[in-house]
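We have chain A already, so just place chain B on it with the hints.
2 protein chains.
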Amino acid sequence: MGSSEPTRIMVAVSESTIKGYPHASISSRGAFDWTIEKIVRSNTSGFKLLIIHVQVPDEDGFDDTNRIYASPEDFRNMRHGDKVRGICLLEYFVNKCHEIGIACEAWIKKGDPKEVVCREVQRTHPDLLVVGSRGLGPFQRVFVGTVSEFCMKHAECPVVTIKRRADETPEDPVDD
Amino acid sequence: MGSSEPTRIMVAVSESTIKGYPHASISSRGAFDWTIEKIVRSNTSGFKLLIIHVQVPDEDGFDDTNRIYASPEDFRNMRHGDKVRGICLLEYFVNKCHEIGIACEAWIKKGDPKEVVCREVQRTHPDLLVVGSRGLGPFQRVFVGTVSEFCMKHAECPVVTIKRRADETPEDPVDD
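One line per chain: the protein sequences are A and B, in this order. Here the working numbering is used: the first sequence runs in plain steps of one and ends on residue 435. Here the working numbering is used: the second sequence runs in plain steps of one and ends on residue 435.
Only chain A is shown next, with the shape it has when bound in the complex (with noise of 0.2 Å):
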């Protein structure tokens, strides 16, 4: 059992909503720790994660997109100004990869998170996209990111969505 080729795990991050860049979210760190810890494991060579970040026009104001960043190097030199807003959000995954020793590729898009994440998914074919969500606990299950809703429906691949802990919901559970 178990292909050759590694199994490609997407990850979709987000900047945090409190911090800003180049702060991850707790919901997309949520989302990278567990693909870690519960599905590659000590396998790190069976896997290939691949990190997207979707920034929304109005936020930014660069054309950075559409680089692929596969090594802390590729970061080096691209330090100036604006540009290392979504670029260090990258570069905070892609170093966690590294620490890891689980290959990975990393790239920035612009424009609405949830319809670009699913053409992404239509571009690169993972076997499975990881999304978290600020899900409110057992309770409040109606409440999902609208990211994470838009993508187990529409999203051409499996789907996993998962919640942020209890504990590490900030004071207005909006934020993440």
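Quick caveat, the hints were computed from the structure, so don't treat them as lab data. The C-beta atom is built at its ideal place from N, Cα and C for all residues, glycine as well. A hint or two may mislead.
What the hints assert, rightly or not - So, partial list: chain B residues that the calculated Cβ filter (under 10 Å) puts toward chain A:
id, residue
1, Lys297
2, Asn302
3, Gly305
4, Ala329
5, Trp366
6, Lys369
7, Thr383
8, Lys422
9, Glu427
What follows is chain B alone, placed relative to chain A:
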């Protein structure tokens, strides 16, 4: 990365609506095979599968629910008359697990499948629930099995739905 405890994945399985017991439905086999090929891969010691089959009360006439089957031997002394029906379904998956070398537990419950699966998630706390669905391809995403849709909303663990492949869809796509 990877705790010492194996990742526990619950797979909900059902009988074929075309062939009946003891045949597994197409979508059950798809969910099981996806779990092995894409998640477990060669890391069999890192995972444990929890195989659950929920029988609708009207459909059966025996009370072998709540037994746990963990090896092919457990089934040998059980064959008499109608009792084999659901048990043979579990045996199919338990045998596959033993061939692959992955630990498993399999059991039968009675009730409404979507509610019982969620209750069993609450009771056993798996790290991931995998549910097959008859999902009818990219342009018919609106239709997904009620079990998978209900579990995605209500199960208290991450859920992934594995849609049946287009080339495995029977003539009547409601069949499985």
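Taking the hints in turn, this is what the structure says about them:
no.	hint	verdict
1	Lys297	holds, 5 Å
2	Asn302	holds, 4 Å
3	Gly305	holds, 5 Å
4	Ala329	violated, 20 Å
5	Trp366	violated, 22 Å
6	Lys369	violated, 24 Å
7	Thr383	violated, 15 Å
8	Lys422	holds, 8 Å
9	Glu427	violated, 15 Å
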